[in-house]
Amino acid sequence: MTTETLKPALDLTRLKAWLPKYGVYAAILVLIVYNIAFTPNFLTLGNLRIQLIQVAPIVIVALGMALVIGTEGIDLSVGSVMALAAALIPLYLGYGVVGAIAVSLLAGVAVGLVNGLLVARVGLQPIVATLALFVGGRGLALVISGGQLKDVRNDDLVFLGSGDLLGVPVLVWIAAALVLVVAFVVRRTVFGRRLLAIGGNRPAAQLAGVPVQRVLIGVYILCAVLASIAGLLAVARIQSSDASSVGLLIELSAITAVVVGGTPLTGGKVRVLGTVAGALLMQLVVATMIKHNLQPSTTEMVQAVIILVAVYAARERKSR
Amino acid sequence: MALLEVAGVSKVFPGVRALDGVSFTLQPGEVHALVGENGAGKSTLIKVLTGVYTPDEGEVRYQDRPVRFGTPMDAQRAGISTIYQEVNLVPLMSVAHNLFLGREPRNRFGLVDGKRMAAEAHEVLRQYGVTADVRRPLGTLALGAQQMVALARAVMIDARVVIMDEPTSSLEPREVETLFGVIDDLHSRGIGIVYVSHRMDELYRICDAVTILRDGKLVHTGKLADLDRLRLVSLMLGRDMSAVRKEGFTGFTGESNASGAPVLRAEKLSSRHRLHDVSLEVRPGEVVGLGGLLGAGRSETIKAIGGAFPLDSGDITVAGDKLGKPTPVKALKAGIATQPEDRKAEGIVAGLSVRENIALAVLPRTSRLGLVSDRKIDKIVETFMTRLRIKASGPDQLVGDLSGGNQQKVLLARLLATGPKVLLLDEPTRGIDVGAKAEVQALIDELAAEGLGVVLVSSDAEELVEGSDRVVVLRDGAVVGELRGDDVTTEALLETIAAAADGDHDDH
Amino acid sequence: MTMSPSLEKTPTAVVAADERRAERTDRIVGLVQRQGALAVLVVVVIVAAASFPNFRSYDNAATILVAAAPPALIALGMTFVIITGGIDLSVGSLYVLGGVVSAYASQWGWIFAFLAPLAVCGLIGVINGLLIAYTRMAPFIVTLAALLGARGLMRALSDEGSTTYLVGSDAFRSFGTGSFLGLGYPVWLVIVVFLLGMVLLGRTRFGHAVYAVGGSEDAAALMGVAVRRTKVWVYVLSGLLAGLAGAINAAKLGSGVTVLGEGMELDAIAAVVIGGTLLTGGAGTLAGTIAGVLLLGVIQNMINQVGNLPSSYQQVISGAFLAVVVVAQTYLVKARRR
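Residue numbers (this note's numbering), protein chains in the order written: chain A, 1 to 320; chain B, 321 to 828; chain C, 829 to 1166.
Incorrect hints may have been included.
Cβ-Cβ distance ranges computed for the label pairs, FRET-style [what the hints assert, rightly or not]:
(1) A:W18 x B:R804: 37 to 45 Å
(2) C:E988 x A:Y95: 54 to 62 Å
(3) A:F38 x C:G937: 42 to 50 Å
(4) B:P684 x C:E988: 53 to 61 Å
(5) C:G937 x A:G146: 45 to 53 Å
(6) C:R1056 x B:A398: 20 to 28 Å
(7) C:L1028 x B:G349: 38 to 46 Å
(8) B:R423 x C:S1002: 46 to 54 Å
(9) A:T266 x B:S693: 26 to 34 Å
(10) C:R964 x A:N47: 39 to 47 Å
(11) A:P296 x C:S1002: 29 to 37 Å
(12) B:M476 x C:Q1133: 55 to 63 Å
(13) A:G146 x B:K653: 33 to 41 Å
Derived from the structure by calculation, the hints contain no laboratory data.
Treat the numbers as computed from the prediction; the structure is a model and nothing was measured.
Note that beta-carbon positions come from the ideal geometry of N, C-alpha and C, so glycine has one too.
Bound conformation, chain A alone:
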C-alpha cells in the first residue's frame, strides 16, 4: 500500500492545503451522513424544503459578499440594504410588482454606488466606508416605513416567496440562478477576471491597465443589488415588510459563509461554490443541533469556533 510510504509530516502539509479548499464539502458530507443515520425525519421532503428556503437569502447575500471579499474588501451594509429594499416594496407596490421590484433594486444600486465611491475614489477602508451605510441604511429604511410592520398582499410576490416550480420553491430557484450568474461572472467575464487581479495585487492590476476604480465600484453595486434581491424576497416570503428585522445580522452570516467556504479574506480568490457550501454547512450545523435539542446558544458558540477554525486554516503564511 502506498499509504505506508507517506510520512506523517507530508500528510500534515497536504492536509493544510486541502482543508481550506475541500474541508467545507467534507464537513457537509459528514453532517449529512450523521443526520441520515441519527436524526429522525431528516430525509423528508418537508425538512429539506425548509432548510433550503431558510438558507436561500443567506446564499444570495453571501454571493455578493464573496465578490467584495475577493477584492480584499468587506461590505457591512448588506443587512441595511435588505431592510431598505424591504421598506420600499409596500411603498411602490401601487405601481405594480415590477415597478416595486425595480425601485428596490435601484436602491441597492444607489447604496452600492456610494460604498464603491467611498472605497475606490476616496480611498476609505471598506469596513469604514460600508459602516456608514450600515448605520444609516437601516435608519433610512425605518424612516421610509415609518417604523411599522406593513402587510404585503400581492399574488405575484406571494408566488415569489412561497410558490413552487416543478416541486421546488421559487425562492430556491432564484438563489440557484443567482449562484450560476455569479459563477459565470467570476469565471467568464472580463469584469470577473479583473476583480480577481485587483484583489490579488492592486498595483500590478493598475499597471496592467485595469480600470481599478470602475471595477471596484461595480463590485460594490453588484453586492448591494444582490442584497436588495434578498431583501425583497424576504418580504415576499413572510408577506410583510418589517424594516427593523429584515436582514438583521445577515452580514455576519454572509461573511461566515464566505470564509467557511474557503475564500481568503486577503482577496484575489472567489470560491462561489464554496460560499454556497459554507452557507449550507452553517445551516446544517444549526439544524442538526436544533434537532438534537441543543440550545441556540450552543449553536452560536459552535459557529464562532467554526469561523475561527476556517480562518485559521486559510490564513496566508507570510513569507520569511
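On the provided structure of chain A, position chains B and C as indicated by the hints.
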C-alpha cells in the same frame, strides 16, 4: 581591536545566493563605506548585521566575541543601530515621542513627563540642526529632519556601531553638511559607522575604508584612499576593466536596427525633487539604455512614461500622438508597455494562473460584450508560452509557484500580448538565473529587431552596454550625458557615471 | 561631457518657505482633526438649546449623560483598540453578557456584581488579544467570532434569553439609580474611568506604545515596543470596559436585559471615528471620543425632543455624520502628508 567583524558570511534564499562568503572589518571610529548596486547583497548584509537574518554560514563578531542576534532589538541593545533609508520611526507620533519611545522621562508618580521630554528633545535635536516644534507629528517634517531624529535616537541609546543606509538620498545640501558634522562627532567618539551610499563625493569626503559587493560576493575591501573613482565604479558595476569586452557575457548580439522617426518622445519630464527636464527619444528598433547609479532617476523616468509616476510638467509623444496626462490605462492604449522594477509588488499577481496573468492586460481585446473568449486567450497564452519558452506545468499553474525567471517571462508575455510600440524595461534580468537571463536578453534583441522601441534600465554595466544602441546617463534626476555609436562601451559608461557622480571634478 | 549646472537648484529660501507652509497647514489640520468633534458638539448643543426649551433643563442634561455612560465606556476601550490599528466587534455582545452576568452575580452582593462581568468579559478580551497578536488572524474576524461566542454564552446563561435576572443587591441597584451632586453615580464612574484612561493613554509608556503600534508596527518593533503584549492588553481593556458598561446598565435597569446592545459595537466605532481617531491607527484622543459619544447622544435627545420624529432618524444622521467625518479625515490626512 575590531569593533565589528563579518567572516565568511553566506545567506541563501530559495533560488538566490544573496551573500556568498562575505567578510569585512569595522574598526572603532572608522567610517566604512559599503557599496554595490541593487541586488549586490548590501541590504542582506545589513540585515545579517542587525539580526533580521541569521547567516547560513560564517559568523559575525562584535567586540571580538561571536554574536548571533535574534532580532533587530537584540542588536540594538548590544549597541548596533541602523538608520534606514525609509525612516523607521512612527510618522503619526510627535517628534519628541519618537525620540524617547520606550525611554520617556518620568516624574515621581511614574508618569511620562511631557514637558521635560519636549525640552530635552528640543535640546538634543538642536545639535542635529532640527529646529522644528518637537510636538509636531514626525511625518510632517521634511525627510532630512526625520532622518536626523532617527540618528539622534540611535546615538541616544548608546550605539557603538551606527549603520546608515543611504542617509543623504533625501537630504538638502545644508542638511548633508549637518549630517557630516554629526558623523565627524561620532567618529571622534570612537563610534564605528557603516555608510551605504552611491554618491562618490560623499564617500571620498567622509569614509576611511570601503567594502564593495557585487552579486552577493565581496569584490574589494580596503582603504578608500587607495582606490580612485573610476576603479571604484568599475568594481561596483562591471568586471575588471581588462576582462570587459570578452564575448558572450550576455545574450545580446550588439546589432542595431534603429530606423525612422522616433516612436517615443519624452520631453522635459519634471517632477519635484525627483526628475528635472529629462528628455528621451526612441526610434523603432532601437534599444535606449538608461544609465546611472541607484537613485539617479532611472526608474522614475520609466514609470513617468508609463503613466505610473505623477509629473509636474513634460510631454510624452507616441508615434506622433501626444499623450494627455498619462495614466497606465492611457499609456497602454497608446502602445507603451511598462515592466516595473519590483516584479512581486507591482508585476505579477502571484495567486492567479499563468494564463490569467498573461491575459490581464488584453482582456478587452479578447472579449465581446464583456464575455471572455477562452479560445482567443488560450491562443495568445500558447503563443507566448512557446515563444518565451515559459517553463510551467501548464497555463493553469499559479505564477507564484514559478521560478523568478519564468515569472519575469510571464510578465513580459503580458506586455507583449498588448502589441506595444514601446517597451519600457526596468531591470528585466534582476533576480533570475543565468540561463533565463540570456534568454530574456536575446528576446529583447529580437523584439527590437522586429521594430519595437525599447528603453532598458539595468544596474549591470555589461547588460546595459551590450543591450543598448544608445545610453542616456542620469544623475539626480537629470540627464548628464549620452553615449552613442562606438562610444557605447563599458569604459565610457563607467567614466561618465564616475565623472557625473563627482560634480565639481572635471579633470579626467 | 558637460555637467549640467541646473542640478543644484533647490535654493534654501524655497525650502524654508515650504517648511513654514507645511508647519502652518499642519497646525490647522491637526486642530480640525483633534477638536472638530468638540466644535460640532458645541454648535449642536447651542442649536438644540435655542430650539427646544426642554433641552435646556437640568434634568434633560442629566438624562443625556446617564444614557451616554455605557456607550462612553465601550467607546473608551474601542479607542485604545482602534489606535493600535485594530477593531473590536465583540463589545456589543460583551456588553449584554456583562449585564446578564452582573445581574446574576448581584445575588452575592454588589462587589460580585462588578467583579463577575469584569472577569468574564476580560477573559474573552484575553482570548481575542491572544488570537490577534499571536496567530495573525484579522482583528475583524476574531472579534466577529467572539461576538457570536459571547452572545451564545449570554443566551446559555439566561436559558436562551427567557430568564431575566433581577438585580438582587439593593446597594448595586442604588448605584445605578442614585446620584451625587446632581450627577448619577454611573456618570461619576465614567468620568473617573476616562480620567484614568487619559492618563494611561497620554502619560504612560504603555499609552505611547499603543500609538506606536498603530502608527507603524514594524517601526514600533524596531524601537523596542512589545507589540504583541500591547495588542493583547488593548483587547483585554476593551473587554473589561464592555463588561463594566454592562454592569452599569444592569444596575440602572435593575435587571440583566438580554435584548439590548445589538449593534452597540458599531455605535462605539462611529463615536470613536467621529471623535477624530483614525481607523487606520496611530492617532486619536479620548477627549475626541467623549465628544463623539455626547454628539450622538445629543442628536438622539434632539430627535426625541421633536416628538413626532421617529427615533430612527438618529441612525440616519449618525450614518451620514460618520461618512462625512471619515471622508473629511481622509482628505485632511492627505493634506497633512502633502
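Evaluation of the provided hints:
For A:W18 and B:R804, the hinted distance range of 37 to 45 Å is not satisfied, since their beta carbons lie about 60 Å from each other. Judged by the Cβ atoms, the range 54 to 62 Å given for C:E988 and A:Y95 is violated: they are separated by roughly 43 Å. Restraint check, A:F38 to C:G937: a C-beta distance of roughly 46 Å satisfies the suggested window 42 to 50 Å. For the hinted restraint 53 to 61 Å between B:P684 and C:E988, the CB-CB distance of approximately 56 Å keeps it satisfied.
Our hint of 45 to 53 Å for C:G937 and A:G146 holds, since their Cβ atoms are close to 46 Å apart. Evaluation of the 20 to 28 Å hint for C:R1056 and B:A398 yields a pass: the beta carbon distance comes to about 22 Å. In this structure, C:L1028 and B:G349 meet the distance hint of 38 to 46 Å, their C-beta atoms being roughly 44 Å apart. In this structure, B:R423 and C:S1002 meet the distance hint of 46 to 54 Å, their C-beta atoms being roughly 47 Å apart.
Take A:T266 and B:S693: their Cβ atoms lie about 30 Å apart, and the range 26 to 34 Å holds. The hinted range of 39 to 47 Å is satisfied by C:R964 and A:N47, whose Cβ atoms lie roughly 41 Å apart. The hinted range of 29 to 37 Å is satisfied by A:P296 and C:S1002, whose Cβ atoms lie roughly 35 Å apart. Between B:M476 and C:Q1133, the C-beta spacing of about 57 Å keeps the proposed range 55 to 63 Å intact.
A hinted range of 33 to 41 Å is violated for the C-beta pair A:G146 and B:K653, which are about 52 Å apart.
In terms of the numbered hints stated before, the structure departs from hints 1, 2, 13, listed from lowest to highest.
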